[in-house]
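Peer 1: From just these sequences and the hints, can you work out the full model?
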Amino acid sequence: MRIGELARATGATVRALRHYEQAGLIDSGREPNGYRDYRESAVVRVRNIRALVGAGLTLDDLGPLLDCLDGDVLAGPPSERVLAVARARLGVLERRIAAQTEARDRLAAALAAAEGATRA
-19 MRIGELARAT GATVRALRHY EQAGLIDSGR EPNGYRDYRE SAVVRVRNIR ALVGAGLTLD
41 DLGPLLDCLD GDVLAGPPSE RVLAVARARL GVLERRIAAQ TEARDRLAAA LAAAEGATRA
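Sequential numbering from -19 applies to the sequence shown in our numbering.
Don't read these hints as lab results, they were simulated from the structure. The structure displayed is predicted, hence computed values, not measured ones. Heads up, the beta-carbon is just placed ideally off N, CA and C, and yes, glycines get one too.
Across the chosen pairs, the derived CB separations fall in these ranges:
no., residue 1, residue 2, range
1, Asp47, Ala90, 44 to 52 Å
2, Ala55, Ala92, 49 to 57 Å
3, Met(-19), Ala92, 53 to 61 Å
4, Arg(-2), Leu91, 36 to 44 Å
5, Arg84, Gly43, 31 to 39 Å
Peer 2: Put into structure tokens, the structure is as follows:
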């Protein structure tokens, strides 16, 4: 199947599919004319990639899970490996949120001080 067909079958953009391939998450053969040729199984894999990215994981997070991406990852209970990756990503997100909250609070305090100084 060509890249446009895979995009239509999965709801992904052609650009996203190229990005997934560059990240090593999907692969393709090449037709004699140079066009990418994907196996039918790529449809399931791309849908799983999109679902997991939609849940907050990154493409880098998915690298260690390649062998899990060809089945229905959302149907059954998650493996301990998937849970470990998700926990690690959650930790990263929580640290980023805390840092952004601190930055917001500092900016709000500085703005309030500046506005107070202009009123005086």
